[in-house]
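Here is what each chain is made of, one letter per residue.
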Amino acid sequence: MSLVVQRSDVSEFRRRFRWIALGMALLFLGLILRLFQLQLLESDESKAIARENIVRRVTLATTRGIIRDRNGKVLAESRPSYNLYVVPERIDMQNVWPKLVDYLGVGVDERARLEALLTSIRASDGPRKSQQILLKEDISRDAVATLRTHDAELPAVDVVPVPVRSYPYEEVGAHVLGYMAEVDAEKLSQLRSAGYVEGDRVGAMGIERAWESYLRGTRGWEKVLVDAKGRRRPGGEGIIEDPRRVDPIPGRDLRLTLDAEIQRAIEKAMRGELAGGVALVDVRTGRILGLYSKPSYDPNALSGGSGKQVIRDAFRRLYSDPLKPALDKTIAGAYPPGSTFKPFTALAALEKGLIDPRASTQCRGALTFGKRTFRCTHVHGSTDLHKGIAESCNVYFYRLASELGVGMDVIAEMGQRFGLGTRTGLGVNAEAQGRMPTRAWMTLRNKGQFRLGFGLNAAIGQGATTVTVLQLALAYAALANGGTLYQPQIVRAVETSAGTVVQEFAPRVRRQIDVSPENLSRVQKALFAGVNSEAGTAYKARVLGVDMAGKTGTAQVSHKLARGAEAERVWYFNREHAWFAGYSPTRSPEVAVVVLVEHGGAGGKHAAPIAFEVVRAYQELMRERSPRAGVTAAGRAPSKGQGSAP
Amino acid sequence: MIRGDVSGRARDHFDWPLFIAAALIAVLGVVNLYSATSVYSGSRSELYISQVYWLVLGGILGGVLVAIDYRHLERLGYVLYAFGVFSLGLVFVLARDVRGSSRWIEFGSFRFQPSEFMKVFLVIALAKFLHDDPRSEGRTLKDLLVPAVLTGVPALLILKQPDLGTATILTLVFLTIAALTRVRWKSVAVFVVTVAGAAPIIWSYVLLDYQRDRVTVFLRPEDDILHRGWHAHHSRVAIGNGGLFGNGFMKGTQNQFNFLPDQFSDFPFPVYAEEWGFVGTVLLILLYAFLSLWAIRIASLAKDRFGAVLGVGCGAILFWHALINIGMTSGVLPVVGVTLPLFSYGGSSVTTVMMAIALLMNVSMRRYSAVPAPDRL
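Chain order of the listed sequences is A and B.
Per my numbering, the very first residue in the first sequence carries number 1; after that it's consecutive.
Per my numbering, the very first residue in the second sequence carries number 1001; after that it's consecutive.
Hints are computed from structural coordinates only; laboratory data are not their basis.
Incorrect hints may appear among the rest.
So, partial list: chain A residues that the calculated Cβ filter (under 10 angstroms) puts toward chain B [unchecked claim]:
| no. | residue |
| --- | --- |
| 1 | 9 |
| 2 | 12 |
| 3 | 14 |
| 4 | 23 |
| 5 | 27 |
| 6 | 30 |
| 7 | 35 |
| 8 | 37 |
| 9 | 39 |
| 10 | 46 |
| 11 | 144 |
| 12 | 227 |
Non-contacting residues of chain A with respect to chain B, defined by C-beta distances greater than 10 angstroms in every case (computed) [what the hints assert, rightly or not]:
| no. | residue |
| --- | --- |
| 13 | 32 |
| 14 | 80 |
| 15 | 119 |
| 16 | 185 |
| 17 | 271 |
Glycine is no exception: its CB is placed at the ideal position from the N, C-alpha and C atoms.
Looking at chain A on its own, in the form it has when it is part of the complex (with noise of 0.2 angstroms):
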């Protein structure tokens, strides 16, 4: 019938079954041990490695602190800014792109700009194509509100917030309160235990920088489900354990000594001139209300939010000013004083008991010393200590370094005594540190060689000896308040976000000064009469209503002729200082003035101007914030149009 059983000869296969059968239920069994070793014996270490893949621990932003001054007024503050992200890959050239591009809002050479990266990007090789790139900084707010609504129709776009610093006086003030840049490499390494991370913004200048750990805050974090791509999920019950997130704890808010009406003010008086600095100083507690340092530049700028192209070209512009203004002339410049350093010359030989006071001497309008002519600004004639402060006469000061034995070292420890050619201590800024020269300094300067001409400079404030304009304020606070001086204090005290006063600095007191009252007094009046006689050297810059006390000041330098440059900037670099010091009012003074200007000319005609014009400002806000006497205007709210002061 059929061939197939014909030819159906299994006993060849007979016992092979079962072979193949053992083998088939070995090798399973083989799997199951595999699974048993996998799902029972490391299935801890398998579960850890779930969790971790998909619970990611996201940091939350702190807030850094707010910076007011003294009146509460904003200084330094943290504004939300947006950045645009997109993911090159995922974002549709045709339909996507050209909305998103109207939707910012953005010009033609833009557009063709951002194009070109874009497609750059999405035709190269890395992984930069498949990950957020950061497209546009700081996109204006209509913006943001315009993609949010459209959100729905822009796929692969992200709009992130991201907080930048923002300093609503913009350039007046920018050297003390400083700056903030990008955490850099080398700095991250030290900072990383502290919390930092890549792309952080740290205060890189000013108090920004001094006072870095109580502005920065702690950042919190949170535990959230994420997915392979990295995308957020929701929920987490039973799969994150807790604590699931820690808040963030805002920076500390800093209340400053500083009011920012002065210093506008301050910027408006300087406005006539290129360069230069000026420091308001209360005598009574070394609190500095108005500290400003010209050119200044805009931290706003420097800070970031619109853009690493603006911060680059805002560099550049800082460094290669020939006015230098990334340098604080407060704090940061070291000048030789001029005249204004006369009355501690006196002090000195007045201590010192070497000279009377009321023996005059002979001003024919120079002195020969040895080969050399010392020159005095005109005939003053016959010249006491008084007059030779007041009209600033610089023979009688030569007289006294040079025939009356005050000498070098005596000058200079006078200077000391006062703060000068010493770091105040101020903590904001690096700080030059000036020089008051002494005898062996000057020899070592000389190679061994001394001349009594050293002496001669010094007692007028030439030569080697240099002074901050904060250490000369706080050296004339410390005239006008009978000896003490202060240590300089800009930040008064540490709030929270809250409001809460965490911490309040009192007024510290660096010494006080040892000096005899009478002789004190003496150059007081010298001082009064600078501004107030008619021939005092700052009688003219006068103000109706000012009461002051001060020295001018007109510190030669030393010429420097640059090699090819052009006259204009070589006549400008060889001018003089002009400074004015004083304090007011006369008779319980309460703020001491310092205003330098860099190759401005003379003192009396540069510089005292504007201190009168900064002293009245004060004046004047100290009338206007507190109309009954006796309240002082400090943390009040300025209370304007309440009438003024009796």
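Since the structure of chain A is provided, determine the placement of chain B on it from the hints.
Just chain B, lined up with the frame of chain A:
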């Protein structure tokens, strides 16, 4: 005519254990596919429905196949085989590239994978050859040359697509069937030595870079977890994450959070293992083991050589698929694209498995035939 072939007696001998085991796996497979594809949105999340359609289609095809006495296939053996090889050749002409590999032939919106069906055709061809070549003495390697060539031609074609997994399956199916025959011990020894000697040559000249990659990654998975070792690493983690009882249905985090690519095609097992734990995986392995061993039982009870080889061949297809797939996902074998029968999504795969099961059913139901041969007309 055909109807008449399923005689009343054959119908009485319906193999319920085979059917139930297969049905259980299929149900688990669809349920698992539902969870596996739930991470997608759009058409991919509907794959489990398509899988049901494929199962139904495969069931119908299987029903037809059961209705025809398997002994008719003996005559068609080489024809089907030739058709299979021809289709494989066609792939190179009409192929559509899917991730660097051309495995598909398209007819409009319908596409199929000849390499899948080739497995069944090969088993039929081998069965026919051994049916026609009974020996009472032990075989030499020369006696197995024809079946080896029958296997080698499609295996090489498939390797060129390239599809290492399927080529491996064909080879293993052939070796299983060869193990069924009485081969001389000396020949076995020669064969083993030859393979050991040829392995380095195959490694260097036959395998493509990406295939070698998979093996190196398998040997040292920690080297490249983010790219080449991703599959192996995350599937092992998923299995381990299941623990004893599993995370529960739809609660496997490795799957739900997209750490298992291809979880609907080659990696449904980790999804299942993560959700059902050791208890679930042992159950599934027992089902596959039952199916494989039951196939061997069916083969051993077959009344003729053709049925016996057919049974072992179909059992081998199911066995090797299950073993290699679970082995590669659990990290004891390199990752080669081998599907898990009735768990992996895919029309060609499902229909092929259904055909294999139908053939087993066919052999099983006709083992009692008092009249062994149907009328040959």
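Going through the hints against the structure:
1. 9: holds (5 angstroms)
2. 12: holds (5 angstroms)
3. 14: Holds: closest Cβ of chain B sits about 8 angstroms from residue 14 (chain A), inside 10 angstroms.
4. 23: holds (8 angstroms)
5. 27: holds (6 angstroms)
6. 30: This hint holds: residue 30 (chain A) lies near chain B, its Cβ roughly 8 angstroms from the closest one there, short of 10 angstroms.
7. 35: holds (5 angstroms)
8. 37: holds (9 angstroms)
9. 39: holds (4 angstroms)
10. 46: holds (2 angstroms)
11. 144: violated (28 angstroms)
12. 227: Holds, about 4 angstroms.
13. 32: violated (6 angstroms)
14. 80: At about 31 angstroms from chain B, residue 80 (chain A) clears the 10 angstroms cut-off, so the statement holds.
15. 119: holds (26 angstroms)
16. 185: Since the minimum Cβ distance to chain B is about 25 angstroms, residue 185 (chain A) lies beyond 10 angstroms and the statement holds.
17. 271: At roughly 61 angstroms from the nearest Cβ of chain B, residue 271 (chain A) sits farther out than 10 angstroms, so the non-interface label holds.
This entry does not satisfy hints 11, 13, going by the numbered hints stated previously.
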